[in-house]
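Engineer: These are the residues of each chain, in order.
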Amino acid sequence: MNKLNGIHLNHNKGTKKCETTDFPLPKTLVIPMSQHMGAPCDCLVKKGDEVTVGQKIGDTGAFMSAPIHSPASGTVADVIDYLLPNGAVCKAAVIETDGNQTVCPDINPPEITDRQSFIAAVRESGLTGLGGAGFPTHIKLNYDAVKTPIDTLIINAAECEPYITSDYRELMERTTDVIEGILLVQKYLGIPLCKVCIENNKPDAIELMKSKTADIKSIEILTLPSAYPQGAEKVIVYSATGRIVAEGELPSNQGVMVMNVSTVAEIYRYTQTGMPLITRRITVDGDAVTKNAGNYFVPIGTKVSEILEYCGAEEAKKVLYGGPMMGLCLYDTDQPVLKNNNAILAFKEGSLPKTTACIRCGRCVRTCPFELMPVMIEKAYNAKDVEELKRLKVTLCMNCGCCSYACPAHRPLAEINQLAKALIPRK
Amino acid sequence: MKGLFVSPSPHRATNMSTAKIMLMVIIALLPSAAAGCIFFGPRAAAVLAVCVISCVVFEALSRIVMKREQTVSDLSAIVTGLLLGMNLPATIPFYIAVIGSFIAIVIVKQLFGGIGQNFANPAIAARIVLMLSFTPQMSNWVKPYWYSNAVDAETSATPLAAQWLNYTENGSSFKMAPFTLSEMFWGETGGCIGETCAAMLILGGLFLIITKVISAATPVAFIGSFALLTFIYTGSLTETAYDVLAGGLLIGAFFMATDYATTPITTKGKIIFGIGCGLITFIIRTFGSFPEGVSFSILLMNLLTPYIDRLTKTSPFGAKKPVKAEKN
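Protein sequences appear in the order of chains E and P.
Numbered as in the numbering used here, the first sequence ends at 427 without a single skipped number.
Numbered as in the numbering used here, the second sequence ends at 328 without a single skipped number.
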């Protein structure tokens, strides 16, 4: 098995030791009705409605979707049009919190008896992949067990992005939830083996998981080298099993399912309490953070400006949802925390070094985990040569950013790959 | 809060830059350049200075004339100047060195679009033009300076020229030229300023390989294939070692055949490139009418680079081969 290419980054995991604390409940929450891949929800509340903690405020009949719940009790102040970080516009409920945190009377642990009721419960929890991509979890669980049987569940606890420690804290603080969650998924979906993949820069988490799962034969703890992008889906599947998820395939085609460690723990918690996904553990860090860097349970919908204020990062020039390699820039700090956020990073310096001419050094090719050739993709993109772009397999690019990172001429290669992908007509 | 900086990911970048890479190459070249200056005296240092300064001036002027962004600060012109100077004999008239710099920077590099766009290695192309246009001046070799103990340096042949003369005069077989292997290794022979001191060239080459500025694939394939062919042809290890240490093979393999812009990108491509260079060098040195073939071999392979690049594309992880349409 060959090692896939990648890059070595400074881990900057300064918040590793920071135990998660509750973030003070903000006065106002902004809850967009589209927080993940797939169809946006219809807003179930209108201006003036009273809401309670855990009450469903958004849902839709569309297949690719997950409902949205209120993280606080209070009043719906308004339903607004909201510009999402990806450029689309959706409805968003603005909730004025009353501070009482009255729990919705409907919150009860779900009744789970079989695969179908398990998947239905996961849908009701509003859970989407918490690693970043935000794929609705119930759809992932509802694979075709006849056509694509799954023999291995891979728990992604690589956390290869610098700074972020929220998955690590999940492993340390809620070890039981993680293990119970794995056992639930294995039980209801009939997956015989689970591999928990952790990068070797988290030795204490590996030790803890190993000791807690010593008696459980179906769970294996794997130590992976710390190399970016170890936590990318296709990369971790290959690292854990040696299987290659080919072009156009899903991991289920190779008999594996990849779940983020926080997602699987959240499944267990929902089955115990019936409280849907309404808070996220967020790592707040970055060189613009002057105080209180650490991990927080933040109600979804909390404006990032509140977090920045709490952590003394008002002077930040660049604020990110997620890590420095794949994170998304905020255009306005009044944007809220969403379901798939795992970090808010604030930096003093916004701009990157100046772009110069390509010297054909080939570093982009040597660092690409999938051995794409960004140097040639850029040329083909400039020539708008769609056939050549297809031959260069640009659609395989996962936007990990290794090429842009490694480029000594600081060319925006990852960005060009995404633009090039858009040129290729979808079938 | 307004005034946030928004850009696509990634938000981190390597601290490597084109200028830093060029600086590493300059550092790697300095030991052999210094050795050349010690062996061939202040005249050699003056030639190097003329080449470097004229290259930088030509680079700056061409960018001004072409109304393009100034690129002098990327240090690539200094590398070209240094390499060109190191590929000239210490006795070269300064005006010829300046002509060489003009060819390298203006004609070969800037007219094709500047750094990264040139089809041939500027220093190699310039050296070849000079060699063909100013043959006597370009083959006016002197014995190493302190070696001859004279102010006016004594003329001498290069190891390859001596060998070649020997060969053509005797007609039948190789005969060792009047240099010992140790003299060849330390560079106490006639030759271009920067090509004689094998020890310092290897040192510089290893520095670039260890710092990952260049890949070991090209020099290994180049020197390896040349050595293998020479050994098969001559059957003598001593003669093979002599041929490897002689002439521009080491400076070519470590510093010219590893130029990013004019050599293939992938390791497979670099190996093909290196083997091609080794083969052509061997053929020219053994059967050609020139004693030296390194420059020609690299130039010829430079021309093949776009084709090698096409043939040695990577096969991406998990990519499916296109299904060929059935013929009607």
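Calculated directly from the structure, the hints in this document are not laboratory data.
Check each hint, because a few of them may be wrong.
Selected chain P positions facing chain E (Cβ under 8 Å, derived; list incomplete) [to be verified]:
| hint | residue |
| --- | --- |
| 1 | 5 |
| 2 | 10 |
| 3 | 11 |
| 4 | 12 |
| 5 | 16 |
| 6 | 17 |
| 7 | 21 |
| 8 | 111 |
| 9 | 115 |
| 10 | 116 |
| 11 | 119 |
| 12 | 220 |
| 13 | 224 |
| 14 | 225 |
| 15 | 315 |
| 16 | 316 |
Beta carbons are placed, not taken as given, at the ideal position from N, Cα and C, and that holds for glycine.
Engineer: It remains to establish, for every hint, whether it holds in the given structure.
Structural biologist: Comparing the hints with the structure gives:
1. 5: It holds, given that the least Cβ distance between residue 5/P and chain E is near 3 Å, below 8 Å.
2. 10: holds, 3 Å
3. 11: Holds, because the Cβ-Cβ distance from residue 11/P to chain E comes to roughly 5 Å (cut-off 8 Å).
4. 12: holds, 5 Å
5. 16: Holds, because the Cβ-Cβ distance from residue 16/P to chain E comes to roughly 4 Å (cut-off 8 Å).
6. 17: Interface hint status for residue 17/P: holds (5 Å vs cutoff 8 Å).
7. 21: holds, 6 Å
8. 111: violated, 15 Å
9. 115: holds, 5 Å
10. 116: holds, 4 Å
11. 119: violated, 11 Å
12. 220: At about 17 Å, which exceeds the 8 Å cut-off, the nearest Cβ of chain E leaves the hint on residue 220/P violated.
13. 224: This interface hint is violated because 21 Å lies over the 8 Å limit.
14. 225: violated, 21 Å
15. 315: For residue 315/P, the interface hint holds, since the closest Cβ of chain E sits about 7 Å away, which is under 8 Å.
16. 316: Given a least distance of 4 Å, the restraint on residue 316/P holds.
The structure is inconsistent with the numbered hints 8, 11, 12, 13 and 14, although it conforms to all the rest.
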